[in-house]
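Visitor: Dock chain B against chain A, hints included.
Spelled out, the chains give:
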Amino acid sequence: MRALSLSRWLRGAARARSTGPGRARPAPGPSQKVTVDVLDHLEHLALVDFRDSEGVERLQKAIQFADQLHEVNTDGVEPMDSVLEDRCLYLREDDVTEGNCTKELLKNAREKVEEYFVAPPGNIPLPKLEERETYLQSS
Amino acid sequence: MLRASLREVSAALKEGHVTPTELCQRCLALIKSTKFLNAYITVAEETALKQAEESEKRYRTGQPVGVLDGIPIAVKDNFSTAGIETTCASEMLKGYIPPYSATVVQKLLDQGAVLLGKTNLDEFAMGSGSTDGVFGPVRNPWSYSRQYKEKSVPKSHPEDEDSNWVITGGSSGGSAAAVSSFTCFAALGSDTGGSTRNPAAHCGVVGLKPTYGLISRHGLIPLVNSMDVPGILTRCVDDAAVVLGSLAGHDPKDSTTIQDNFKPFELPNLTDVSKLSIGIPKEYHAPGLSSEILALWSKAADLFKNAGANVIEVSLPHTRYSIVCYHVLCTAEVASNMARFDGLEYGHRSDMSKSTESMYAATRREGFNHVVRGRILSGNYFLLKQNYENYFVKAQKVRRLIANDFMKVFRSGVDILLTPTTLSDAVPYIEFIKEDNRTRSAQDDILTQAANMAGLPAISVPTALSERGLPVGLQFIGRSFQEKQLLTVAKWFEKQVKFPMIQLEEVKRHDHGVFQHQKSASFS
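Chains as they are written, first to last, in our numbering: chain A, 526 to 664; chain B, 526 to 1049.
In isolation and in its complexed conformation, chain A is listed as follows:
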């Protein structure tokens, strides 16, 4: 099955990296093996596809790059959401002060009916890996 050959390729790459001459293979960390399941899950979440092997490589490299973060000791450090965390940001009163711009907003939509944006039928999940036309399926 074609889906398997990609995971074999991924595992092969990880194996090639972690094996030394005659030594026991160390357990690959979470970054070294991005499973096809995770890749498929990402394509579903992001609704963006990995186009080709370069796309998958790019993700692998990005994860490797990000792993450097684990070298930093962050014990007792609070995560920082915003540099303005010490300030009270402006919140306006909950009063309607603008709107009535339906025509302008609809101008940019391609498919519309009266004052509605028209979408194709919902509640239909993206086809499964085997049925989709995605790089992850082919080898």
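Be a bit skeptical, because a hint or two may be false.
[What the hints assert, rightly or not] Straight-line Cα separation of at most 27 Å, BS3-like style, residue types lysine-lysine; simulated pairs:
(1) Lys-910(B) with Lys-653(A)
(2) Lys-800(B) with Lys-1009(B)
(3) Lys-778(B) with Lys-959(B)
(4) Lys-632(B) with Lys-653(A)
(5) Lys-628(A) with Lys-632(B)
(6) Lys-632(A) with Lys-800(B)
(7) Lys-959(B) with Lys-586(A)
(8) Lys-619(B) with Lys-632(A)
(9) Lys-1009(B) with Lys-628(A)
(10) Lys-910(B) with Lys-628(A)
(11) Lys-637(A) with Lys-879(B)
(12) Lys-619(B) with Lys-637(A)
Simulated from the structure, these hints should not be mistaken for laboratory data.
Guide: Frame of chain A; chain B shown alone:
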């Protein structure tokens, strides 16, 4: 006169030496003849001339709105401009005409500025070369300068002349090229990881990144909400202060703008720097920093020392992790921000109509280039439940450490930090594209993006020409909301180094000067 500074030309308008329509027409003509730079995506000729005419009426009745009245400006194409196509250099937004203008654009228009057009950038401001947009790469005007040609183009290969052009840096390359080639007097860029300062350094113009929270982001198509700021590109530091004065301040439409009262300021002419403490962060001597830039950096430090300032070496220990931290936080926020592009309400929409999800997937497949797609997928990976703590939250913690590094240094009495802006001068396009976008961004943003992490103001000032005849800039980083001090020091520095003016053939042809600029002895 196109080579004058914003303040000079504003004075000329006031005194009637030139009219706004004349100025506008000259700029438009120059844009046409420098089309090969590919700095502009959209040139709003009609609306610009109309704005110029109205400005002229105001000048005639002696009632100009302010210093910016009648001044031609350009805006990066990720700022929404009502009635003018805004594409972010992406297929996703080709043909998109926003129904509103960004606050900063509106502010400039309210001050009477003449909007010439929208400038080119990397797709969705992701990149450090302005090479990855759908409208093609932007060429650095210095590639065609006499200074570069004399030093770099071997005379025996005239065919190579066209392929030898260098990049502008990014992602606000179009804006930097527009200001550098004299087609406008100021331009708006955006700065998330150095996107205003990097091209400013490569194009020999001033690039200011204000403090996060000072200038409204309403209407700026967001990349990283917690780090984006609108950036200002001008020919000199005084001009940057003028533009900052008209843009800064609380905007009720952007709740991340602080509510403190902002008073526009004029920069004093600093003569005594002995009370200044300049910090030189040793970690900014990054691997890959060219020896030329290292030498210029030392020279600049000596310049301050010899003038009596207290120049000390400081340490920002987490500097080497800032690029990694940025990588994670940026991709995570990008993954979230790009989710709005689904084809339903605006932008590109695929013909696929089997289901909502497949339509979204196809639209995004067709609309985004590989850079954007790559960042969305990486970002989604870091945000997965199993990775959230280890990557996203971890990066947020490292961000605090980086911000704290700066706080510690400023608390110890340092006023301003002096660092290089880029690792080297602009590279030729054919060299640049040998590495992929992510690698390049990781390399080129290293010196600039820590300031975005900490939200601090920073400015790149053109310092000298490299051995290849290309501009090199140095960066000053200041304390939060202390733009006046930052710009005052930058102005003093600018005066000392006397960066040479670019010698461009096209401009000479268009410019029947009211002003004559002499090339003075330069810093290098």
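Visitor: In ascending order, which of the hints set out earlier in this document are inconsistent with the structure?
Guide: 3, 4, 6, 9 and 10
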